[in-house]
Each structure stands twice: as structure tokens, then as C-alpha cells.
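Q: In case you want the letters, here they are:
4 protein chains.
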Amino acid sequence: MEDKRKLVHSRIVEKATNEALQRRGVTIEDIAEIVFEMQLPYNADLSMDYCIESVESVLKKRELQHAILVGIELDELAEQGKLSAPLQQIVQSDEGLFGVDETIALGAVYTYGSIAVTTFGHLDKNKIGIINELDTKKGRGTHTFLDDLVASVAASAASRIAHKSRDLAEAEADNQQIISDESEIAKKEAEKIITDESEIKDEPKS
Amino acid sequence: MEDKRKLVHSRIVEKATNEALQRRGVTIEDIAEIVFEMQLPYNADLSMDYCIESVESVLKKRELQHAILVGIELDELAEQGKLSAPLQQIVQSDEGLFGVDETIALGAVYTYGSIAVTTFGHLDKNKIGIINELDTKKGRGTHTFLDDLVASVAASAASRIAHKSRDLAEAEADNQQIISDESEIAKKEAEKIITDESEIKDEPKS
Amino acid sequence: MEDKRKLVHSRIVEKATNEALQRRGVTIEDIAEIVFEMQLPYNADLSMDYCIESVESVLKKRELQHAILVGIELDELAEQGKLSAPLQQIVQSDEGLFGVDETIALGAVYTYGSIAVTTFGHLDKNKIGIINELDTKKGRGTHTFLDDLVASVAASAASRIAHKSRDLAEAEADNQQIISDESEIAKKEAEKIITDESEIKDEPKS
Amino acid sequence: MEDKRKLVHSRIVEKATNEALQRRGVTIEDIAEIVFEMQLPYNADLSMDYCIESVESVLKKRELQHAILVGIELDELAEQGKLSAPLQQIVQSDEGLFGVDETIALGAVYTYGSIAVTTFGHLDKNKIGIINELDTKKGRGTHTFLDDLVASVAASAASRIAHKSRDLAEAEADNQQIISDESEIAKKEAEKIITDESEIKDEPKS
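Residue numbers (this note's numbering), protein chains in the order written: chain A, 10 to 215; chain B, 10 to 215; chain C, 10 to 215; chain D, 10 to 215.
Just so you know, these hints were derived from the structure itself, not from any lab.
C-beta: ideal position from N, C-alpha, C; glycine also.
Mixed in with the good hints, there may be bad ones.
As the list claims (entries may be wrong) - Some chain A residues judged to face chain D by a derived CB distance under 7 Å, without partners named:
| # | residue |
| --- | --- |
| 1 | 18 |
| 2 | 19 |
| 3 | 72 |
| 4 | 119 |
| 5 | 120 |
| 6 | 122 |
| 7 | 179 |
Sequences are here, hints too, so could you generate the full structure?
A: So this is what it looks like as C-alpha cells:
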């Protein structure tokens, strides 16, 4: 009998996640292409290599790995007709008001902040790239969870790039001082004190 | 062959949800007892009947029904050893860092506002009543998802009571005027105008 | 001195919410137009009147009212230069990585389920109708919070229509029986038992 | 006139965040004590120094910094009576059904996964340590947002320790092999192949 408490090594979880995506026909490049399309408007120098690296990086996160494993398991069980009624029918038909797929994908996306959440919503509605091809209602097979999970990975990777770009811009600015620095803040606070004085001063009523 | 687009009637989804809870040993009363314990400090007149009614009411919501059906399906599949590796081991052992159970339960709880979210967190940590009995790590069977789902239903029902109590208090206050009403606001706004006058200083007094 | 514990009547909160939207140049009709555009593809019979009613209905919810009051307050304080540094500069410039505006708006949208969340993300990215006009980076005034709040109200009202449409479709189906009902489920379960039997039966190996 | 697009350097945002906490009477140690209490049951070797480091680390995150700056600003404005009616009264009295404080704090906590969310809910309800002292309803001053923000920082730091402890345990296990590794997975997969054979029946063609 198996030991209930034995932990699964994260290396195994990561490997299983990558294999599951591959088995369902989704490559790192497919996802990186969505990231590229999402971030290009904000970053003219963006390369596909950088997007690939960002996708690989977010796929190392536990929350995303667990979400992917659960979602693909449910898709595959539905495809094989192995879920019990009425869940089988709901997942198989990718019902519009069934929201557990979005919920699981959202749970993973939160880790990358509110930009990731809005990007996810955008991808979920507009079904860019591989997300569109996976749409259960269009194609073959059941991908009720997978399309949302791919949107989740892409949104996370895009948000990661947005945050890193900002960090980079700041590092550069530290040399060139084009971003407001402490001396400016000090100046501003001085101005604020002056502005506030007129409010504070209680003028004689007479 | 089955029609992919055929919708499942919500009556069937509701019935399946109630049957699934029953099959897993959770009664409406079990959940209502948690609600009662959570809300009693804020509401001395609270009755168990009212808590039962509130639990029954939140169980009519699609988001909660779908969450329960998915979660119990995964628990039962894990119990039967039918999930694929390594998900089987992760769910079966209710791993501390596996968060999809909380994510699915949280998704359902959001519908009842931020109070429901914090109540859910409290129940998830403190495992009151039936939630404690369901703890996979303690008892027999796999209830990795179910304990969180019960916390979700209880938190939703408790939040629903909190909101309804307030509505009731306001309705009563409308007769007795113990809560600030329009006339007070008018008075307050009048005061504000006076306070602001020194800034505005616009009108001739004569 | 004011009583700390005195509650503000929800009627006053509702009135203040509507006045705040009006003061900032957003009408119920502006929001209803977004709802109409979002839901028309799923509902050919949709009328503007129904969208207006849905917007009015979600605006009665406490979570949305509180979010709107806080967000507009912060926009107005920023416009008047009354926030302290560096928050003043962050809100005034509607910084891309500032996410509290999305967070507050999302908090209100959760009440309407995961469809509302994805719709919100879509609106936030694609800035349809009045949301585009409010964009701080384009126009005059500070609307860092307001554009997200309007997206939140629109997404909530659209999700409300989606759920109600389904309820209506089911009510109609109850007469015409085009949706699978209990007898079908029973039939399906019977089939499942037969299917399962072959698995259970342990065939002789010889 | 100020340039609308000028970005505030993250160093300034970080400094302002730390100053704001200090100004409102919350030290890193106060928060670390909550973290210590939360994580000790899972980690007997836990030191206060490690908790302090974890709090300092999460306070470097943009999402948390922005949340803290907005929340403390609203608390201070309410304390000074500078919010407009009825928000002034709602924030000042820390109304039970006002949820924007929890929403803002939750938005920051999501970055640390679902464990952080449930820990936040627990802290929000049970008001441990400094969170209790800050309770607006008990003490002097307005801390409607601050108590939730401190819970958010503590929950994030606790979740960060939980994830890091697991990483460490795995690193150790890599030497001692007490956690199931690839060879076990391989064995399991071999078993699975045998079980599945009757289904696959893919025999050599020769």
C-alpha cells in the first residue's frame, strides 16, 4: 500500500506538466507566440526567444503546474467519457455558464498580479493563436480546460515581461536620471508644505 | 452519438449536487451548524432553521454547484486510484502546497463578496465541525476538495446572512430613524457648505 | 463629535454612487451601450432597455457602490493634487504597473461569477465606448480608477444578462422538452451501469 | 506643469511604503511576529530573523507597496475628515459590510498563491498581534485599511516561507532519497503500461 504522506518531488510535477501540454498538442512556442503578440505594442525590441524564456519560467511555478495537471486530467477524462453525469455532458460541451475552467486558470494567473488577470480575460474572450485552435466548440477533442490554461500561462508570461521591462528601464534610468529621483521628491514635499500652510493657517474671523 | 451542444438543465445540476454531498456524507444540517457558529456572535436571535434556509439558498447557485461537482469527482477518482500520476499521489495525500482545491472553492465564494472570502479563509484554517471530520489527513477516504467546498458553502451562507441582517436592520430603522437618513445628510451637507465657504467665498451676503 | 458606530443607510450610499458617476460624466446609458455590444452576439433579441435595467440592477449592489465611491474619490483627490507623494504622481499618470485600480474593480466584479471576470479583462484591454473616452492617458482629467469601474459595472451587467438568458431558455425548454431531462439522465445512468459491468467483471484469464 | 507620463522610480515607492508603515505605528518586527506564530507549527526550527527577512522581501513587491500606499492614504484622509460624505463615515466607522479594504489587501495577497489567501482570511478574522491593536473599532485613530494590509503582508510572508521550506526539503531529499523520485515514477509507469495493455493491445506487427 502506498504511503499517504509521501511527497511528490517538484521535478516530477514539472516534467508531468510539460508532458501533458505536449500530449495535448500545445508547444512552448505556441504559447510564446501569444505572449509576443500581447507584449510587442509595449516593447518594440521584444524577441521570440525572450518570450519563450518567459513561458518556460512561469511553467516552473507550482500553482500553474497544479492547475495544468488538474485541467488536462478533466479534459482527458471527459474525452474518454469517464466523468459521471451530468459533469460529463457539461465539460464535454464546454457550457458557457460553466466557470470552473476559468476559475482554475485564474487561480494560477493571480500570482502575476492584476495585469495578468486582465490579460487573461482578454485572451479568454478573443482566443488568439493556439487558444482559438483549442476551442472545444470548434475542433475535435475536449479542451474545455486547456484553452483557459494556455491563456493563463500566456497572460502570466506577458505580465512577467511587463514587470521585468520596467525594472530594466529603471536600471537604465539610474544612470541617465530621466526618472524622478529622491531630490525631486524632496523638492515636491517642500512645495507641498508650502501649499498646505495656507490651509493650516487659521485666519482671524473678525 | 451524443449532441455536443445539448445543455444540461439546471434542475439536474442541482439534484446531482445535492446527491453528491449526501453520497460523501455531508448534510445540509452539518453545513448549517458551521454557519450558525460563525454568525451567532453578530446575531443573537439566529436560528438553525434560518441557517439551513441560507445553505439551501446558496446551493442553488450555478458557480457553487459546478465547483462541488468537479471537486467531488476528483476526490472520488482519487479514492478509486483512477487519476494519472503524479496527480493521483498529490490529491490522495492532500499536499499542503497543492492549491487547486482552495482555488475552486474560492471561485465559488467570491459570488458572496469579500466577507465570504475572509470567512472561507478562517474556516479553511480552523476546520470547524464537519470540515474537521472530512480532513483527508485525519480520516478515511479522500476529501481533499470536499473540505474546502464545505467551507465555501458555509462561508457563502454566512455572508448571505450578514448582508440580509443589514438589510433588515435598515428596514426597521426606516421606521424608527436610528440610522442616519436623508435629513441628516442634508444637515451634514449644509455644514459642509459652511466649512467650504472660506474656500469658495463667492457669494454676496446681502 | 460624530458617533463612530453610526451606520450609513444603503439608500444614501446608492444615491451618492449615482451622483458620483454623473458628476464624472458617466451615464447609465453609456454603460448600457457597452453591455449591449458585449451581449448582442449571444442574444439577437437584446434591447437597450433591458441593458439599462441590468446596469441599474447591478448598481444597487453594495460591493459595486463601495468600489465606485472609493475609486472616484481617489480620482478626484488626484485631480485636485491632494494625494501625498508618490501616490499623487502614480495615480495622476495612470501608471501601467499600478494595479489597485484593477484590483478594486475586480473585487466588485467577482460577485457576478467568472464570466464577469473575463469580460472585465476584455473591456479593460479593449476600452470600448465610454471606457476609451475616460482613458486618463488620452483625455483631460484623472480617470485612473473610473475607467476600470465602468468596465466592472458593464461586465457585471453583461454577466447578469447571460445568466438570466439561460434561466429563461430553461423555463421555455420546460414546456418544449428540448433540453435533456430526468428521464434521459435515468437512461444514461442505466447505460453507464451496463458499460461499467464489463469493467467490473473479472474475466477468467485462461 | 508636471509631466503626466513621468514614472516614479520603484526605489521611491519602496521608501514611501516603509515610511508610511512606520508613521502608522507598524514595524517590520510587528509583522514578523505574526508570521512566526503562523509558521511555527509547520517549522520547529523557524527563527524570528528568517521571518523578518521574509517580511522585508515581500515588502519589495510592487503590488503590496501600491496597496499599502493607497490604504494608508485613505485611513489618513478619513482621520483628518477629508473624505467626502458618505465615504468619510463608512471608512471612519470601519463598517462591517464595507469590503474595499479586504479587496485591496486580497489583491496583494494573491501574488503568493492560495495558501496566502486562506492565511489572510484567518488573520483577518482572528486579528492576531498588531492586527488586533490596529482594529479601528477598538483603538484610537482610523485603521480601516491598515489592519487588512498588515494581514496581507503577514500572509504573503508566511506563504513565502511555506513554499521555500518545501524547496529546501526537496533539496535535502535529493541526497537522501526519501521523496519519491524518477525511478519510482518509472516503476509506476511500467505498472501502468501493464494495466493498460488489455486496453491498448498493441502487438508487434511482424
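Q: Regarding the hint that residue 72 (chain A) lies at the interface with chain D, is the smallest CB-CB distance below 7 Å?
A: Where the cut-off is 7 Å and the nearest Cβ of chain D is about 5 Å from residue 72 (chain A), the hint holds.
Q: Can residue 179 (chain A) be said to touch chain D, with a Cβ gap under 7 Å?
A: At 6 Å from the nearest chain D Cβ, residue 179 (chain A) passes the 7 Å test, so the hint holds.
Q: Hint check: is the beta carbon of residue 119 (chain A) less than 7 Å from a beta carbon of chain D?
A: Since the shortest Cβ distance to chain D is 4 Å, the answer is holds.
Q: Please verify that hint: residue 122 (chain A), Cβ, nearest Cβ of chain D, below 7 Å or not.
A: 5 Å, holds
Q: Verify the interface restraint on residue 18 (chain A): the C-beta must sit less than 7 Å from at least one C-beta of chain D.
A: 5 Å, holds
Q: Holds or violated: residue 120 (chain A) as interface residue toward chain D, Cβ cutoff 7 Å?
A: With a minimum Cβ separation of about 6 Å from chain D (threshold 7 Å), the hint on residue 120 (chain A) holds.
Q: Hint residue 19 (chain A) vs chain D: min CB-CB distance below 7 Å?
A: Cβ of residue 19 (chain A) sits 6 Å from chain D, so the hint holds.
Violated hints: none; the structure is consistent with every hint.
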